[in-house]
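Trainee: Here is what each chain is made of, one letter per residue.
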Amino acid sequence: MNGASPAPASTATALRLAGVTKFFGATRALRGVSLEIARGEVHALIGENGAGKSTLMKILSGAHAPDAGTLELGGQPYAPESPHDARLQGVAMIYQELNLALHLSAEANILLGAEPARAGVIDRRASRDRARTALELLGHGSLPLDRPAGSFSIAEQQVIEIARALLTQPQVLIMDEPTSSLTQADTEKLFATIGRLRAQGVGIIYISHFLEECRRIADRYTVLKDGETVGSGDMRSASLDHIVTLMTGREVKDLYPRAAHAPGAVVLETKSAASEPRLRQATLRVRAGEIFGLAGLIGAGRTDLLRAIFGLDELAAGEVCVVGAPVGKHAPRDRWAQGVGFLSEDRKEEGLMLVQPIADNLTLTKPGAFGRFGWIDGRRQRSAAQRWIDELRIKCRGPEQAVGDLSGGNQQKVALARLLEHPARIFLLDEPTRGIDVGSKAQIYELIGQLAARGCAVVVVSSYLPELLGLCDTIGVMCRGELAAVRPRSEWTEASIMHAAIGGA
Amino acid sequence: MPDRFKAIAAKAGPFLGLLLVIALFSLAVKPDSDGQAIFLTYHNFKTIFTQTVIVAIGAIGMTLIIISGGIDLSAGSSIAFGSVVGALLIKNGAGPWTALAAMIGAGGLIGLLNGVMIAKLRLVPFIITLGMLCVVRGAAQKLGNNQTVNYDSSPINDWMTTADPRGYALPAGVWVVIALAIVTTLVLRRTVFGRHLFALGSNEATARLCGVPTQRLKVLVYALAGCFFGLAGAFQLSRLTQGDPTVAVGLELDIIAAVIIGGASLNGGVGTILGSMIGALTMAILRNGAVLMEWSNADQLIIVGIVIIIAVYVDHWRQERRA
Numbered sequence: 010m011n012g013a014s015p016a017p018a019s020t021a022t023a024l025r026l027a028g029v030t031k032f033f034g035a036t037r038a039l040r041g042v043s044l045e046i047a048r049g050e051v052h053a054l055i056g057e058n059g060a061g062k063s064t065l066m067k068i069l070s071g072a073h074a075p076d077a078g079t080l081e082l083g084g085q086p087y088a089p090e091s092p093h094d095a096r097l098q099g100v101a102m103i104y105q106e107l108n109l110a111l112h113l114s115a116e117a118n119i120l121l122g123a124e125p126a127r128a129g130v131i132d133r134r135a136s137r138d139r140a141r142t143a144l145e146l147l148g149h150g151s152l153p154l155d156r157p158a159g160s161f162s163i164a165e166q167q168v169i170e171i172a173r174a175l176l177t178q179p180q181v182l183i184m185d186e187p188t189s190s191l192t193q194a195d196t197e198k199l200f201a202t203i204g205r206l207r208a209q210g211v212g213i214i215y216i217s218h219f220l221e222e223c224r225r226i227a228d229r230y231t232v233l234k235d236g237e238t239v240g241s242g243d244m245r246s247a248s249l250d251h252i253v254t255l256m257t258g259r260e261v262k263d264l265y266p267r268a269a270h271a272p273g274a275v276v277l278e279t280k281s282a283a284s285e286p287r288l289r290q291a292t293l294r295v296r297a298g299e300i301f302g303l304a305g306l307i308g309a310g311r312t313d314l315l316r317a318i319f320g321l322d323e324l325a326a327g328e329v330c331v332v333g334a335p336v337g338k339h340a341p342r343d344r345w346a347q348g349v350g351f352l353s354e355d356r357k358e359e360g361l362m363l364v365q366p367i368a369d370n371l372t373l374t375k376p377g378a379f380g381r382f383g384w385i386d387g388r389r390q391r392s393a394a395q396r397w398i399d400e401l402r403i404k405c406r407g408p409e410q411a412v413g414d415l416s417g418g419n420q421q422k423v424a425l426a427r428l429l430e431h432p433a434r435i436f437l438l439d440e441p442t443r444g445i446d447v448g449s450k451a452q453i454y455e456l457i458g459q460l461a462a463r464g465c466a467v468v469v470v471s472s473y474l475p476e477l478l479g480l481c482d483t484i485g486v487m488c489r490g491e492l493a494a495v496r497p498r499s500e501w502t503e504a505s506i507m508h509a510a511i512g513g514a
Numbered sequence: 003m004p005d006r007f008k009a010i011a012a013k014a015g016p017f018l019g020l021l022l023v024i025a026l027f028s029l030a031v032k033p034d035s036d037g038q039a040i041f042l043t044y045h046n047f048k049t050i051f052t053q054t055v056i057v058a059i060g061a062i063g064m065t066l067i068i069i070s071g072g073i074d075l076s077a078g079s080s081i082a083f084g085s086v087v088g089a090l091l092i093k094n095g096a097g098p099w100t101a102l103a104a105m106i107g108a109g110g111l112i113g114l115l116n117g118v119m120i121a122k123l124r125l126v127p128f129i130i131t132l133g134m135l136c137v138v139r140g141a142a143q144k145l146g147n148n149q150t151v152n153y154d155s156s157p158i159n160d161w162m163t164t165a166d167p168r169g170y171a172l173p174a175g176v177w178v179v180i181a182l183a184i185v186t187t188l189v190l191r192r193t194v195f196g197r198h199l200f201a202l203g204s205n206e207a208t209a210r211l212c213g214v215p216t217q218r219l220k221v222l223v224y225a226l227a228g229c230f231f232g233l234a235g236a237f238q239l240s241r242l243t244q245g246d247p248t249v250a251v252g253l254e255l256d257i258i259a260a261v262i263i264g265g266a267s268l269n270g271g272v273g274t275i276l277g278s279m280i281g282a283l284t285m286a287i288l289r290n291g292a293v294l295m296e297w298s299n300a301d302q303l304i305i306v307g308i309v310i311i312i313a314v315y316v317d318h319w320r321q322e323r324r325a
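Respectively, the protein sequence lines represent chains A and B. The opening position of the first sequence corresponds to residue 10 in my numbering, with each subsequent residue numbered one higher. The opening position of the second sequence corresponds to residue 3 in my numbering, with each subsequent residue numbered one higher.
Treat the hints with caution; some may be incorrect.
Claimed, not checked - Capping the alpha-carbon separation at 30 Å, the derived lysine-lysine pairs in DSBU-like fashion look like this:
1. Lys357/A / Lys404/A
2. Lys375/A / Lys122/B
3. Lys357/A / Lys32/B
Bear in mind the hints are in silico, worked out from the structure with no lab data behind them.
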């Protein structure tokens, strides 16, 4: 036991999970997760993006019900029916995105949903006392209760949210990436708060991508990979290498056919590109016929870099050049004209018009090409769509079917077909295989390989490392807004990428 | 195939609603003392069509805006403003075509102002056009010196009379609606502009990502719809044969209701001109039938309100089917 941290207040088990399994349709998101958390223990839950952490948290917080497995809270069977029920039973959750009503006062936020009242009239004195007590437990007793939540700093808002969670006297508190939006100083304050909660016997599940952070604050760890518990143990005696191996060590299936391609001239270049709020500095050069991978944790600025290149976000500094010439002000319209195509990571919110037909989605970048003088020849447009439906084997009833009716994999193929139809020469693909079935994945890998063979430049952002290592010629790793290391694929391993991504280089 | 059935029901919904309303009034309205039907007659429907014209033209413009994901609450005020502008010009010796062009232009300018503010200030259309509802109404009253603007006579007065002085079978206004509905339908379905409007309303982020000039498009659609409101003002003038700055108060709600009854979604991305025309006709028939039934004005209001809620509920139900 490390001398810097106080011993757990009690060794009794707060929460125990065994064999927890969860299916979403045919996909098995969790396949037998076990986890044990003692009272007064900070337990780090570690895993790559998509390892199943979010699903597990949703089960614990009552948002999803497990399909199999046992859950016990304080020795009693635990089966929350809703997040509210979970909270009443003693499991509270602090989400990565804060959930505050920014116009209401700090006090109103802390008591939200649990206002002490008589006949519907709020008991103001009791509410003040309770809010104050909760804040004092956290060592923030002096926080002004009357100010609107929106006027506090992010760190203070987080304290307000934790105070709200404490109101129901939880046995287990789950914190999802709590430091992702905090400064170094605020992180220290948060750790002090966590220390107080631990001393009071609360079991804390701490989810973070930053292993160094986990090592400082956590007593024990559990690693999830592909929906399974692959290891657990004492945090301070574990080596980071061991944990990274646990996280990434998996067999790579031969999903990645490699069409022969030879990189040519540089067609896309960024010079110290920066944009608000996350992208701090990125310099890269991508050649025709090259597949360039961007690795990094969620929030490291990978998407921001693609958006800045494509003109969806304004450059705050630096320069973007397409085929040697600096591009003008931000405008996706100009990029399409320059032969740059962008695939959004968010199909539903940004990538596609779900209620509109496949044909319209596919040809939106230049519908005028299917007719003259601004008129559209519907038959030509539909036959173009039908060509891609056949070519990419998009499962649908026809070009007139609404995109929203298709499965995720087929939606993604429509979004990709838009770039192919345009046609683009430089492809910016943000998480091209997220949330789609393996068959569609293999097809998309094949397509990317063919594009490179035809001399297109492809930039792929992915959180799935085997994919990047299998697919790319060059991989750059982003960490906290900076493109830190760019090397040929042969010089990377999953472990070294993970080290660079968590800032360990 | 319940799915297929639902899809057809959703598409045909407004039309079935219209037939239902016609059927109900055909049965409910009693024949006159000679035993002659008074609701389901050529003459009464000529009246109904004529009474539909103003809302129908407004609904064409409003459909464009609602498909693009917006709303325009200043439509009623624009119609009144247009009619005052036209009446003043005619009073001062302008010909009908000059007056018509000026009324369309006035509506277009108001729409342009709406569009520019919505695009530049990045405020929601509801707020901007709510403000403009007051501003334009006030401007119309100032322009008309707080009273109706009267003129001796003008050929414009013939455009909305059921007396049909030129033997067109229906008043000119009805033919104008039919022609504009066909043209606008083609523009919506067959042109890049139409396609971009649907894209904007369906998912603005996607539209932007695909290089659709979203801000310019917003300005354009409000300006264009404004022209339709100006034109509706011309027919308002023709109907009253005078410019009235206090006319068409709350008419924007009838127009919006017609568009929604016609199957457009207030979330944008969905809507047809044909549906909106059916919606406008349904509203006019409801009003006409209510008068023939000798329902009080209060009862009429309540019934129209209930029909709007049912129509919006159907819209909601269709949205859920998509999700």
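Trainee: Work down the list of hints and note, for each, if the structure agrees.
Mentor: Hints, verified against the model:
Between Lys357/A and Lys404/A the CA atoms are separated by roughly 18 Å; this keeps the pair inside 30 Å, and the hint holds. A distance of roughly 25 Å separates the Cα atoms of Lys375/A and Lys122/B; the hinted pair therefore holds under the 30 Å criterion. Between the alpha carbons of Lys357/A and Lys32/B the distance comes to roughly 54 Å, so the proposed pair goes past 30 Å and is violated.
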